[in-house]
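Colleague: The residues making up each chain are set out below.
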Amino acid sequence: MLKDYQDAHGHEIYDYLNGKGGYEIVERDDGYIDASGGAKDYFAEYKDWPLYQKKAIQYARGGVLDIGCGAGRCLLYLQQKGLDVMGIDISPLAVKVCKRRGIQNVRVLSITQVSSKLGVFDTIIMFGNNFGLFANRDRARWLLKRFHKGTCEKGRIIAESGDPYQTNVPEHLQYHKFNRKRGRMPGQVRIRVRYKKYVTPWFDYLLVSKNEMADILNGTGWRIERFFASTWAAYSVVVGKE
Amino acid sequence: MLKDRQDAYGHELLDYLNGITGSEIVERDDGYIEVSVDNKFYFTDYKDWTPHERKAIRYARGRVLDVGCGAGRVLLYLQQKGLDVMGIDISPLAVEVCKKRGIQNVRVLSITQVSSKLGFFDSILMFGGSFGLLGCPERAKWQLKRFHKITSERGRIIALSCDPYRAVSQESKQYRKFNKKRGRMPGQFRFRIRYKKYVTPWIDWLVVSKKEMTGVLKGTGWQIKKFIDADKSPVYIAIIEKER
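As you go down the protein sequences, you meet chains V and B in turn.
Going by our numbering, the first residue of the first sequence is number 1, and it counts up by one from there.
Going by our numbering, the first residue of the second sequence is number 1001, and it counts up by one from there.
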């Protein structure tokens, strides 16, 4: 759980809900800094989602767990469709925003706190690049095995990532090199989110190509069912049990 | 002169000129961080300027010095109008951008390097908040006295600032308090600009109310001729002339 002064993401979306601010700044550990899409994207209604997300979310069924639910755009959509949804986020303010927006089942929990205490799920959602929350290869495999136990036989993971190699930005290419040198995956970005005076701790966020994702899944009991491509580096994926 | 790794806004301007995107980010010394103006702002044509800017620029006459000229939006306009203009900026890349855009007389110089070697001027421009470059009240007075010496008898300064007391957010109030406590003017911001991997040094940027500006001018030989207010914003432009 993030402390209030760490809850940059939460304050950003909370302000946006109240008609203020809404930018989001991401700082990488090589000093690279830039603004991201900002809060607006976290509130996007289904009709405004990109096609590769719209298509993937149709694979959600049964009891759904949304990991890193943010302002709850997926939860809202699925709840309206009548699915039994639960959302978790490490940001207390994000959870507050979700509740205000009418989401019934949402808790302040991190990805590593997902356990059988929450019940058994049919679908796990890691949208908005949240495959990144796996942080690194080893942790991804450990968590995937845990998720395998916490899901039903026909369990699914619907995730989103971005292919780090689909770029020609010199700073990003340099960063891949920097990561390789220190024994990390090229797309294993170490970042923190900043908003006003709020700063998250540094965290690892894992961006992978489709091949890398398949490799990570190998031996975890999960396999890729299908990909949905976007017009840029982002893509969504439906993962099923072997 | 900024070193390349310090030239955050120069890289921003050059990238914009080349169709590459990125955000200008301002980080204040209390840890507050935000996305600054859209890069496009530095390239706006006269017709897209704010009404108060268009009104104020009419006061430019004769030989003009633009201090902190950025991508040269003001220089371009005045040059097209046929005025004799010179621009200076501490960003080598900003100066490069100005040259690429067809500005003839532009140099990499800081405000403190302005001297009679550049010749005499009739108008000094500090647009886009560049009054802030004066840094602090003492330096402002010193700088204004120097400007007095290198301007003609009918010399003018056209300077944009913003009333800091009209920012009412919690963070703004806290920062003004923080400044007072350490003996600075409430609107004496210390920040640095970040763009991608480029970071400027920490900069003192002086933002003053009209009353404070009048106080800063006192004893420098300059006086306010008039204020031009922005519509629905704390921004204003001062037309400053020599005392007679």
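Hints are supplied without guarantee of correctness; some may be wrong.
Stated by the list, open to error - Reference listing, derived: stretches of chain B covered by chain V, where coverage requires no fewer than 3 residues with Cβ under 8 Å from a Cβ of chain V:
(1) 1021-1027
(2) 1047-1057
(3) 1091-1102
What the hints assert, rightly or not - Computed Cβ-Cβ distance ranges for the label pairs, DEER-style:
(4) B:Glu-1171 <-> V:Lys-177: 44 to 52 Å
(5) B:Arg-1054 <-> V:Ser-110: 47 to 55 Å
(6) V:Phe-227 <-> B:Lys-1081: 51 to 59 Å
(7) V:Leu-173 <-> B:Lys-1218: 36 to 44 Å
(8) V:Asp-4 <-> B:Lys-1226: 44 to 52 Å
(9) V:Phe-178 <-> B:Ile-1224: 26 to 34 Å
(10) B:Lys-1040 <-> V:Ser-230: 24 to 32 Å
As the list claims (entries may be wrong) - Below are the DSBU-like pairs computed for lysine-lysine, each with C-alpha atoms no more than 35 Å apart in a straight line:
(11) V:Lys-196 <-> B:Lys-1040
(12) B:Lys-1226 <-> V:Lys-20
(13) V:Lys-96 <-> V:Lys-197
(14) V:Lys-181 <-> V:Lys-154
(15) B:Lys-1003 <-> B:Lys-1232
(16) B:Lys-1145 <-> V:Lys-96
(17) B:Lys-1141 <-> B:Lys-1003
(18) B:Lys-1173 <-> V:Lys-197
(19) V:Lys-3 <-> B:Lys-1173
(20) B:Lys-1149 <-> V:Lys-196
(21) V:Lys-20 <-> B:Lys-1047
(22) B:Lys-1141 <-> V:Lys-40
(23) V:Lys-20 <-> B:Lys-1145
(24) V:Lys-197 <-> B:Lys-1232
Honestly, the hints are just simulated from the structure, not real lab data.
Values in this document were obtained by computation on a predicted structure and should not be read as measured data.
Backbone N, C-alpha and C fix where the C-beta goes; we use that ideal spot for every residue, glycine too.
Colleague: Against each hint, give a clear statement of whether it holds in the structure.
Modeller: Structure-based check of each hint:
Judged by the Cβ-Cβ criterion of 8 Å, the stretch 1021-1027 of chain B is covered by chain V as claimed, because 3 of its residues qualify and three suffice. Counting residues of the stretch 1047-1057 of chain B whose beta carbon lies closer than 8 Å to any beta carbon of chain V gives 0, which falls short of the minimum of three for the stated coverage. Only residues whose beta carbon comes within less than 8 Å of a beta carbon in chain V count, and the stretch 1091-1102 of chain B has 0; fewer than three means the coverage is violated. In this structure, Glu-1171 (chain B) and Lys-177 (chain V) break the distance hint of 44 to 52 Å, their C-beta atoms being roughly 38 Å apart.
Checked against the hint of 47 to 55 Å, the C-beta distance between Arg-1054 (chain B) and Ser-110 (chain V) comes to roughly 53 Å, which is consistent with it. Taking 51 to 59 Å as the suggested C-beta distance range, the pair Phe-227 (chain V) and Lys-1081 (chain B) conforms, at roughly 57 Å. A beta carbon spacing of about 55 Å between Leu-173 (chain V) and Lys-1218 (chain B) contradicts the range 36 to 44 Å that was offered as a hint. Distance hint check for Asp-4 (chain V) and Lys-1226 (chain B): the Cβ-Cβ separation is about 47 Å, which falls inside the suggested range of 44 to 52 Å.
A C-beta distance of roughly 53 Å is found between Phe-178 (chain V) and Ile-1224 (chain B), which places it outside the suggested range of 26 to 34 Å. For Lys-1040 (chain B) and Ser-230 (chain V), the Cβ-Cβ distance of about 26 Å falls inside the hinted range of 24 to 32 Å, so the restraint holds. Of the pairs offered as hints, the one joining Lys-196 (chain V) and Lys-1040 (chain B) holds, with about 23 Å between alpha carbons and a cut-off of 35 Å not exceeded. Distance check on the hinted pair: Lys-1226 (chain B) and Lys-20 (chain V) sit about 34 Å apart at the alpha-carbon level, within 35 Å; holds.
A distance of roughly 20 Å separates the Cα atoms of Lys-96 (chain V) and Lys-197 (chain V); the hinted pair therefore holds under the 35 Å criterion. Between Lys-181 (chain V) and Lys-154 (chain V) the alpha-carbon distance is near 40 Å, which puts this suggested pair outside the 35 Å criterion. Proximity of Lys-1003 (chain B) to Lys-1232 (chain B) is assessed by CA-CA distance (about 38 Å); at most 35 Å being required, the pair is judged violated. Annotation: proposed proximity of Lys-1145 (chain B) to Lys-96 (chain V) is violated, straight-line Cα distance about 56 Å (limit 35 Å).
For the hint linking Lys-1141 (chain B) to Lys-1003 (chain B), the alpha-carbon distance of about 28 Å falls within 35 Å, and the restraint holds. About 14 Å separates the Cα atoms of Lys-1173 (chain B) and Lys-197 (chain V), which keeps this hinted pair within 35 Å; it holds. Restraint check for Lys-3 (chain V) and Lys-1173 (chain B): satisfied, since their Cα atoms lie roughly 23 Å apart, inside the 35 Å limit. Taking the CA atoms of Lys-1149 (chain B) and Lys-196 (chain V), the gap is near 42 Å; set against the 35 Å cutoff, the hint is violated.
Note on Lys-20 (chain V) and Lys-1047 (chain B): the hinted pairing holds, with a Cα-Cα distance of about 29 Å set against a maximum of 35 Å. At most 35 Å may separate the alpha-carbon atoms for a hinted pair to count; Lys-1141 (chain B) and Lys-40 (chain V) exceed this at roughly 45 Å. With a C-alpha separation of about 42 Å, the suggested pairing of Lys-20 (chain V) with Lys-1145 (chain B) is violated against the 35 Å cut-off. At roughly 27 Å between alpha-carbon atoms, Lys-197 (chain V) and Lys-1232 (chain B) fall within 35 Å of each other, so this suggested pair holds.
The structure shown violates the earlier hints numbered 2, 3, 4, 7, 9, 14, 15, 16, 20, 22, 23.
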